[in-house]
Amino acid sequence: MIHYFDTVIIGSGLAGLRAAIEASKHGSVAVLTKLYPTRSHSTAAQGGIAAGTFFLVKKVIESKLGYYFVAIREAQDAAESLGINTTFYKTIALCLSGILTGFAGAFYTNYMGYIDPKVVFALHDISIVTIMVVMVGGVAMYWGPIIGAIIMVFLAELIRSIPYLGTAHQTFFGILLIVIIIFLPNGIAGDFPKIKNIFRIGGTS
Amino acid sequence: MSLLEVRGVSKFFGGLAALNSVSFSVNKGEIFGLIGPNGAGKTTLFNVVNGFYKPSKGEVLFNGKRISNLKPHQICRLGIARTFQVVKPLQRMTVLDNVIASAFLRAKS
Chain A
5 MIHYFDTVII GSGLAGLRAA IEASKHGSVA VLTKLYPTRS HSTAAQGGIA
55 AGTFFLVKKV IESKLGYYFV AIREAQDAAE SLGINTTFYK TIALCLSGIL
105 TGFAGAFYTN YMGYIDPKVV FALHDISIVT IMVVMVGGVA MYWGPIIGAI
155 IMVFLAELIR SIPYLGTAHQ TFFGILLIVI IIFLPNGIAG DFPKIKNIFR
205 IGGTS
Chain B
31 MSLLEVRGVS KFFGGLAALN SVSFSVNKGE IFGLIGPNGA GKTTLFNVVN
81 GFYKPSKGEV LFNGKRISNL KPHQICRLGI ARTFQVVKPL QRMTVLDNVI
131 ASAFLRAKS
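Protein chains in written order, with the numbering used here: chain A, 5 to 209; chain B, 31 to 139.
Possibly wrong hints are sitting among the right ones.
Stated by the list, open to error - Okay, the calculated beta carbon distance ranges per label pair:
1. Gln121(B) - Pro121(A): 47 to 57 Å
2. Ala133(B) - Leu169(A): 30 to 40 Å
3. Ala70(B) - Gly102(A): 24 to 34 Å
4. Ile199(A) - Gln115(B): 35 to 45 Å
5. Ile205(A) - Ala70(B): 51 to 61 Å
As the list claims (entries may be wrong) - Simulated coverage check for chain A against chain B, where a stretch passes if three residues somewhere in it have a Cβ under 8 Å from a Cβ of chain B:
6. 5-11
7. 81-88
Claimed, not checked - One-sided excerpt, in silico: chain B residues whose CB lies under 7 Å from chain A:
8. Lys84
9. Lys87
10. His103
11. Cys106
12. Gly109
13. Lys118
14. Leu120
15. Gln121
16. Met123
17. Ser132
18. Phe134
Hints listed in this document are in silico derivations from the structure and should not be mistaken for laboratory results.
For glycine and all other residues, C-beta sits at the position ideal for the given N, C-alpha and C.
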C-alpha cells in the first residue's frame, strides 16, 4: 500500500511536532518516529536540563564560589571589605545565569517554533512567569524553583483553560504576586513552617 | 617605620571638605584612637583607609606601600580589616558560614 503526503517529518521531538502543526495547515503531513511521540528525546532533554541545572547550582553553592555569591547578596560592602573582589564574582554569577537561561531559551525556541524579543521581554509573558516561579517557590533555596515551577505551570494552564476569561487571566498572576509578597515573602519552600502553623491553628480551633 | 601612615589626606564631596589635610601614623603594637563630634569625618577617614573612597589629595601607606590607589578587597588581602558602624553580618548565613566566607581569603578552596 502506498501513501502520498505533501510533507514528511522525521522525528516527533519538539521541533518535529511543532513543524507538523504548521505544515498541516497547508497539506497532508506524515510524522515518522522510532518512539511513541510522548517518549521523544526532547522530553528527556528537558528533564536532563532541569536535573543538570539543579546539580550545577547545588555544586556551585556548596563551593567557595557559592559562599562568595551569598556574601555579596547579603552585604556587598562587607563582602568587599572581607577581601572579595565583588565585581569579578558578580560577573561570574551573571555568566553562569546566562548560560543556564541560554539553555532553557534554546529549548523554548524549539517548543514555540519561533522567537522574538516580545515573547521574552513583554511583561505578561515568559519573563513574569519566570519571576513568579521563583517568588512562589522560594528565593535562595534548592527546591524553591522546582516547587514554584510545578505550581505555576499547573495554575497557568488551569486558569488559561477557563472560558470567556480571555487575556484577563493575567490579572490573576498580578493578584497572586501581591498575595505572595505580603503573606509569604520567602515563598512556599522558604515559609513552609509558617504555612504548617496556619493549618495547625485552623485544624484545632 | 610606622605600620600605617596617612599623609595629608583630603576628601571633598563636591564643595564640601569632609577631610582637610589629615596626617597621622600608627606604629606596630599601638592602639590608636580617633575621636571627634558627629560629622567630623571619622567614618570618611575609615572609608579612605579601607579603600571605599579614593582620597582627593594625599596618600595612605601601609608597611611603606601606597594603598590609596588599591581596591578594598586588595587592601584587605594586605592585612587591613574593618568593622562597620552599623554591623553588617551576612544575614541569611549561619555564624559558621560567616567565618568560613571570611576565611576563604587565606585558604585555597
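Hints, one by one, checked against the model:
1. Gln121(B) - Pro121(A): 47 to 57 Å: violated (37 Å)
2. Ala133(B) - Leu169(A): 30 to 40 Å: Violated, at about 55 Å.
3. Ala70(B) - Gly102(A): 24 to 34 Å: violated (46 Å)
4. Ile199(A) - Gln115(B): 35 to 45 Å: holds (38 Å)
5. Ile205(A) - Ala70(B): 51 to 61 Å: Holds - the Cβ-Cβ distance for Ile205(A) and Ala70(B), about 53 Å, lies within 51 to 61 Å.
6. 5-11: violated (count 0)
7. 81-88: holds (count 8)
8. Lys84: violated (14 Å)
9. Lys87: violated (23 Å)
10. His103: holds (5 Å)
11. Cys106: holds (4 Å)
12. Gly109: violated (10 Å)
13. Lys118: Interface hint status for Lys118(B): holds (4 Å vs cutoff 7 Å).
14. Leu120: This hint holds: Leu120(B) lies near chain A, its Cβ roughly 4 Å from the closest one there, short of 7 Å.
15. Gln121: holds (5 Å)
16. Met123: For Met123(B), the interface hint holds, since the closest Cβ of chain A sits about 6 Å away, which is under 7 Å.
17. Ser132: holds (5 Å)
18. Phe134: holds (5 Å)
Of the numbered hints given earlier, the model fails hints 1, 2, 3, 6, 8, 9, 12; all others are met.
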